[in-house]
Structures are given as structure tokens and as C-alpha cells.
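Enquirer: In full-length UniProt numbering, the protein residues as written are 1 to 638.
FYI, nobody ran anything at the bench for these hints, they're computed from the structure.
Incorrect hints may have been included.
Stated by the list, open to error - Derived DEER-like restraints, expressed as beta-carbon distance ranges: (1) S332 - P590: 10 to 20 angstroms; (2) P408 - A584: 37 to 47 angstroms; (3) S440 - P590: 21 to 31 angstroms; (4) P434 - S61: 50 to 60 angstroms; (5) P134 - E552: 49 to 59 angstroms; (6) P614 - S249: 34 to 44 angstroms; (7) P434 - P408: 46 to 56 angstroms; (8) K97 - Q15: 23 to 33 angstroms; (9) S538 - E632: 19 to 29 angstroms; (10) T554 - P42: 11 to 21 angstroms; (11) A616 - P42: 24 to 34 angstroms; (12) E586 - A616: 23 to 33 angstroms; (13) S612 - A41: 13 to 23 angstroms; (14) A41 - N338: 55 to 65 angstroms.
What the hints assert, rightly or not - Derived lysine-lysine pairs resembling DSS-like cross-links, with alpha carbons at most 27 angstroms apart: (15) K413 - K328; (16) K311 - K413; (17) K328 - K97; (18) K275 - K328; (19) K328 - K271; (20) K311 - K250; (21) K113 - K271; (22) K113 - K413.
All values derive from a computational prediction rather than experimental measurement.
No residue lacks a Cβ here, since even glycine has one placed at the ideal position from N, Cα and C.
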Amino acid sequence: QYLPDLLGGTGLLVQFSDSAQPDVELRRAALRGMANLCHSAPGQPYLDESYRSVCFQTFLSVLQSSKPSDVDDISFCMLLQNALKGIQSLLNGGKMKLMQMDQIGALLAVLKKCMFHGLPGLSIEVPTALYPAPLPQYDKTSPVKVEQTEPASSKQPGNRRKKSKGKQKKGEPREEGREDVGDAGRESVLGAELLKLQLGDVQSSLCLDPRARAADVARVPAAKDHLSHWKRISSSESEYSDAEGGIQSKMRSYQANVRQGALACFLSAIKSMEKRILYGYWSAFVPDAPGIGSPQSVSLMTIALKDPSPKTRACALQVLSAILEGSKQFLSVAEDANDHKRAFTPFSVTIASSIRELHRCLLLALVAESSSQTLTQIVKCLANLVLNAPYGRLKPGLLTRVWNQIKPYIRHKDVNVRVSSLTLLGAVISTQAPLPEVLSLLQQPVSSGLSSSASQWRKALSSQGQPAETVADCSPSEQCWLLHLCVSIIVLPIQDSCSDSDTNFPTLSSLYEPCPLRLEALQVLAFLVKGYFSVAQSYFLELGEVACRCMEETDPSIQLHGAKLLEELGTGVLQQYKPNSAIAPEQRVPVSLVVTFWTLMLNGPLPGILQSSPHATLQTSACDALSSILPEAFSSLR
């Protein structure tokens, strides 16, 4: 009943939050009160549309305004934070959907401005509104002629193809440099890795020790010059007195909060609009390779690479991951250019260039990051990119770089980084399988460390009752690195696997790797069997024994994933024996081996799960596994 007095045309909150209000504290309090009214509490009535519109326009005008000369930086940051909180509350309530293009363009423009608020060494100007590019992927009424969309998209503010007004100065960094206060040596490490990635020299055995990586920088003088600008910023800030340093530190903290608030608001905005609308603004937030002589425009990767706050970097990566999620249709038009003499750049080539730049920037962020939480977000973002990029239409090499650079992180001290690294490997082998590039990666020789663990898990499997003569005896050149890794994580106790975890063993459950890691390893094995059965069939009986071991455990989630692995093994054999199968008879799993396999399975835990499991989902998966028995082998089972 008080809302008309608060949010009406002459309401108190509307008056006090106006830019003409001279008392900044009163204005900030009014904005905070308005933001609280927009918060949607369960079971309580929500604001009417008219009030929501008033609040939205009020918050938007605050974010669009410049800092008044009589308002200090910290107070202005607090005004921005309250306005961002208000818009996020409106979006999170679920009642406000972003549909009007002028509304979306104005909001995304202010969010982009606030995303970079106070970012050291960066000053950008954003127009009052962003405008979307037409997308042929989502226009069903017009023919898909992707080359015609580029001129329209080039008019969009922030487009990557816009020429620079001046040449880039020698030694001036591109956006990838990042000042990270308090993280000694980051600039040198980042500079060296930047040079490696720009030259396409991504090594497969990257060292995870920053001190070891920094030691190589001395041999690359250009790396120091490349980031000298950011070092000068850092050193100049250290010249403040203690009092000034305290104020500057406080101001940087408030500025970081504004950037985090803008990114959180952007995340809510993404969930409140259709993807086909969102992707019209792709070039305003996602990096693209710069043209010759042109600097790279700012994007979410600018924050992920350059922001001194690990939390802000993680927020930017969360937003980028949300944009990439479900982007398969949008990215499907991407195609690498074969003819570089065209009068203009086709839209398909622009998207392909953006995909390549995303790979390059994310891999650069991967080797430069020191925060485990942010590192996890980088790997998750890479996984979303891998799942949606059309690698069949792109030149090979991108997945090889991802594969080689993620390998060391499987042994990271943080279990969340290890789980997300396995998720990324699972994305690589499940995307558009089978890909020749991925098949080549799976056939790479196993390292000596994993060869040793392979002999250990073979002994562990044979000690559980599997006949010794059924265990595959592959030479190192025939062994699959990823398969050995996953089986070791699943079946070996921690002291015998390739884990770096320092753990005492007070309980039975702690004998093995953490459950999320083992579940992810099982998921990767299932993807491997499904997409690349020709690689997995050399370990047919061993993988069946792994499934049995999992179904014998007490954890229902481990049992379920074991049953799903068994189903994929059976389905792989069925595919080989289809009448129209292209697999030569001598390359199929022999029927006699299939009989041996299912005899072992039926003498294991599978019948017990079918008869007495209290979990209906697990019983369903067990039935699905049984339905994958090869008919030619079924008659021989007894």
C-alpha cells in the first residue's frame, strides 16, 4: 500500500535517487531501498510491471551517468553497486524477461562499461547502446548466405574489424597482459607463454611450477618488453605513502566489487533473454583475432587475463561459459578461410576466427593462472567451448593444443581442478566423435609413469578373479594414455595411483581417489568406449572387470556409472556386428571373447543388482546393459 508513495511518479525513492539529488548518501540509501524492494522473496507478491519499469529506468540512468565532480570515487562505486544489485534482483525474480531490443542494447552497454570500471591500465568508451548483428543461423525465412551478414555486423560498436586510428607503439602490450598485484613474476611468465602461443608452439609437457616457467623467460628478451607497460603501472602504484596506499587499496577493492556486480548482473541477463538474441551481441563480448595493425578490442577475456582480482577473473569466465553453453547452432556456420583475397570477410570466417582466438586466450589464461578456483573456471569454460565448436569445419590442431596443455593439470593438488580437467578431456573425446585428430591423440604412446600404473591395475584386476590370460598385453605404442589414466583413478588405491594427494587412510572410502574424481573418470571411459570403440576394444575384458568392480561397491552413483560403462561396451560390440557395419570381420571383437565377457558379467554383481537393488535407476541401467548382449553370443551363454 506504500508503493505509490515510494515508487510512484513523485515517490520518495524516485526523487531521492534522482541525479539532481545533492546528498550522495541519501541518493545511495534510496537506491539501496529500491533494490531491496525489487528482491523477490518466496511466497511474497512481486512488484507490478509499472513499478518494475520505474525501478529499471532509475537503475539504468545511474549506470549510464558519469561520476559527478563533487562525488568521491568510493561513493560513486557504491552508487553503481546498488544500481547493479537492483537490476540483478529484477532479473533474478524471473518476472522480467529482456525482450525489447532498445532495452537490451542499453543494458548491455552499461554492463560492458561497468565490467571494466577501474581496471588498471585500461580506459574504454562504450556507446549508450549496443546493436545486434543479424544471424542467418536463426533466420528461417531467409536463405543462409553467411557472406552477406558481415557488412551489417561491422557496424556494431566494438567490432573486431574496425581499424585503429594509430599504429600500436612498439612495446605496448595487447590486451593479454595482466597486472596482478601481489603475484610476483606473473608478468614474466605471462609474457613467455604469450610468445609461445602466438607462435603456435604449445608444448605438451608444460611445467606447473611458476618458478620453473619464469626461469625460461630470461632467454626470451621480447617477453620483458612486451609487458613492460604493465610493470610500470605496478611499480608506480607502490610509490604511494602508507596512508595513500590504504586509500588506493580500498578504492581498488570497491572498483573490483563494481566489476563483479556487473558480471553477476550480466549472468542474470543471459538467463533472461533468448540465446538467438544474445548471440547478436557476440562480437561485443567475445574476442576475435585483431586485424593487421589493429589492437584487440576489449572483451570478457580481457578481464580473465588482466584483472588483478582472482574473483573477478572467475566471474568473467563464468559469464563467458554461460554464453558458450548452448552455442552449437550459432557456431555451426564457422569455417576456416581458404581464399584470403576476398573483398570482405565472410561471417563464417569471422566466427571461425573468434573460436580460434577463444582457444588461444583460454589456453594462455590456463598457464598464467595461480588461483585454483579461477583455474577451475578456465577449464570449465574450455570444456563448454570444446562441446560447441564445429571442429569438423575447422583446420585441425585446436584440440591437440587443448589436449597437450591440460595433461599436467590431471595431477594438480586441487581436486576440483583435477575433476574439471577430466571433464574437459571427456568433452574432447565426445564432441563430434569420431574425429581423426582425437583418434590420433588417443593413440599417442603411454608415458613411463602410466605404464607402471598400468601393470599395477592389471594386477589389481586379475587378483579379483579375472583369468590372467584374458588381460590384454599391449605394447606401449598400442596403449591408450587416457584409458590407463581413468582406470588407475578408478581401481587403484591412492598410494598406488598417479595422485599427488597427501592423505592418511583412516576409512575404507579414503583408500581411493575422491568420489567426484572417480565418477568423472568413469564418465570419460564411457565416452571413450562410445566414440572410439576401436581404441577401447583392446581392453575389452579389462574394462568389463572395471565395470564389475564398480557395481560391487556400496556407493549407488559408482554402481550406476559402472552399469552405464557396461552398457556402452555391449553397445559397441552390437554396432560392430550390424549388417551394414563397415568394420571388417577380422577387426571385430570375436564372438568367443564376447561369450567370455558376458559369462564374467553374469557371474558377477549384475544379477544381484537386478533382483535386490533398492535403486530403480540402477536396476534400469542394469536392464539396459543386459539388452546390449550380442545375439550371436547369447545362445552360447549358460
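Enquirer: Looking back at the hints listed earlier, which ones does the structure fail to meet?
Expert: Of the numbered hints given earlier, those the structure breaks are 1, 6, 7, 10, 12, 13, 15 and 22, listed in rising order.
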